[in-house]
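Trainee: The task is simple: from the sequences and hints, build the whole structure.
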Amino acid sequence: MRKMKFLFVVVTLLLSATIGYAQDETNKVDMADTMRSNGRIYVVVAVVVLILIGLILYLVRLDRKITKMEREK
Amino acid sequence: MEGLKCEPLKVNSYVLLHTSYILLRIYPFPLFLLHFFKMIAGLSLVSNGCAQKCMHKSWWKILCVVLLFYTFIAGFLMDVPRLPALSETIRNLYFHVCMWFCMMILFTASVVYAIRYLRTNKLVDDIYSRQFAAVGIVFGVLGYATGAIWMSYTWADPNNSSFQSFSAVAREPKLIGAAIALLIYFAYMVLRDSISDIDKRARITAVYNIFAYALLFPTIWIIPRILPSLHPGGQNGNPALDFKDIDNRMRMVFYPAVIAWTLLGVWITSLKIRLSLLKEKRLLQ
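One line per chain: the protein sequences are A and B, in this order.
Per our numbering, the first sequence starts with residue 59, numbered consecutively.
Per our numbering, the second sequence starts with residue 894, numbered consecutively.
Hints are computed from structural coordinates only; laboratory data are not their basis.
Just so it is clear, the structure is predicted and the values come from calculations on it, not from any experiment.
Where is the CB? At the ideal position from N, CA and C, for every residue including glycine.
Incorrect hints may appear among the rest.
Unchecked claim - Heads up, simulated DMTMM-like pairs for lysine to aspartate or glutamate below, C-alpha to C-alpha not over 25 Å straight-line:
hint : chain 1 : residue 1 : chain 2 : residue 2
1    : B       : K1172     : A       : D88
2    : B       : K1174     : B       : D1050
3    : A       : K86       : B       : D972
4    : A       : K131      : A       : D121
5    : B       : K1015     : B       : D1092
6    : B       : K950      : A       : E128
7    : B       : K954      : A       : D121
8    : A       : K86       : B       : D1092
9    : B       : K1165     : B       : D1090
What the hints assert, rightly or not - So these bits of chain A aren't anywhere near chain B, every CB distance computed over 10 Å:
hint : residue
10   : S95
11   : N96
12   : G112
Mentor: Rendered as structure tokens:
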């Protein structure tokens, strides 16, 4: 339970840290600003996160299978 | 007046940072190696039951998943410094560099278990050492491959032919050093499979592992720091950990990302270890 609390604190700290920054420097380096302004960047993030979910589910399944095998022996 | 009030604190943190920085810079390398190996030898006395219990715990796996999601979402959406030539590719810091961090940590774990094996002669330690090295190699290869892609869009000179710009990039000492280090670890795997006697294999490869790790130091940490390099912070210090080199906004994603990828590597390794422990159960008893 204490570990869960610790996890919760870590996550909230990380999320709160993301909010604080605003864009302050606007020099002429070519960045993907249009991609950000029309929201297409979220498409990329969605795809990448989906792949990550798939990989992690695969790992969790493997973990469970091995745990089962360990119990059987 | 307010500026004056603040000053002592500023000086203190500044002095603290710089003394530690200077101490780190002049800390004699042989002494460092000695202390490092002493530390590893001390670590190798910790009981194995602890590691085996921890493999079945779920809290660090949850932490790994949460931090990975944070890395991917914040890594794409958060603001980064606007730098010429790099532009958006600077976000590769959260992925490419983390591969190398993960590799180094896994290789360190591998050498710890190699030393443990030499002290205890228990085959369990040999299995741990082997699996850590194997997953470390995977992350090293991923780091190399991602670096190759990143390099061809930032370092390669668009005005030169690809052959010419490749010959410029290929002189990069970190590339050569990392290639040597990885090849040495490939040889570790080949050596393992070429010896059929189990105890002999474990002993010889444990010693080889220590040599390989000792070579990892000069090839990826020392030589690239001495020679001129295309990597940031080549000749003047530590680019990833120096507070002056890396932007604050990036550090907020970069450090969690290192932890996330390392935990992922450890998770995969723990699965491999558990599988091979199951396989070799008869041998170990």
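Trainee: The structure should be examined with respect to each hint, and the outcome stated for every one.
Mentor: Structure-based check of all given hints:
no.	hint	in the structure
1	B/K1172 x A/D88	violated, 54 Å
2	B/K1174 x B/D1050	violated, 55 Å
3	A/K86 x B/D972	holds, 15 Å
4	A/K131 x A/D121	holds, 16 Å
5	B/K1015 x B/D1092	holds, 9 Å
6	B/K950 x A/E128	holds, 14 Å
7	B/K954 x A/D121	holds, 10 Å
8	A/K86 x B/D1092	violated, 63 Å
9	B/K1165 x B/D1090	holds, 22 Å
10	S95	holds, 13 Å
11	N96	holds, 14 Å
12	G112	holds, 13 Å
Going down the numbered hints, you'll see the structure goes against 1, 2 and 8, while the others check out.
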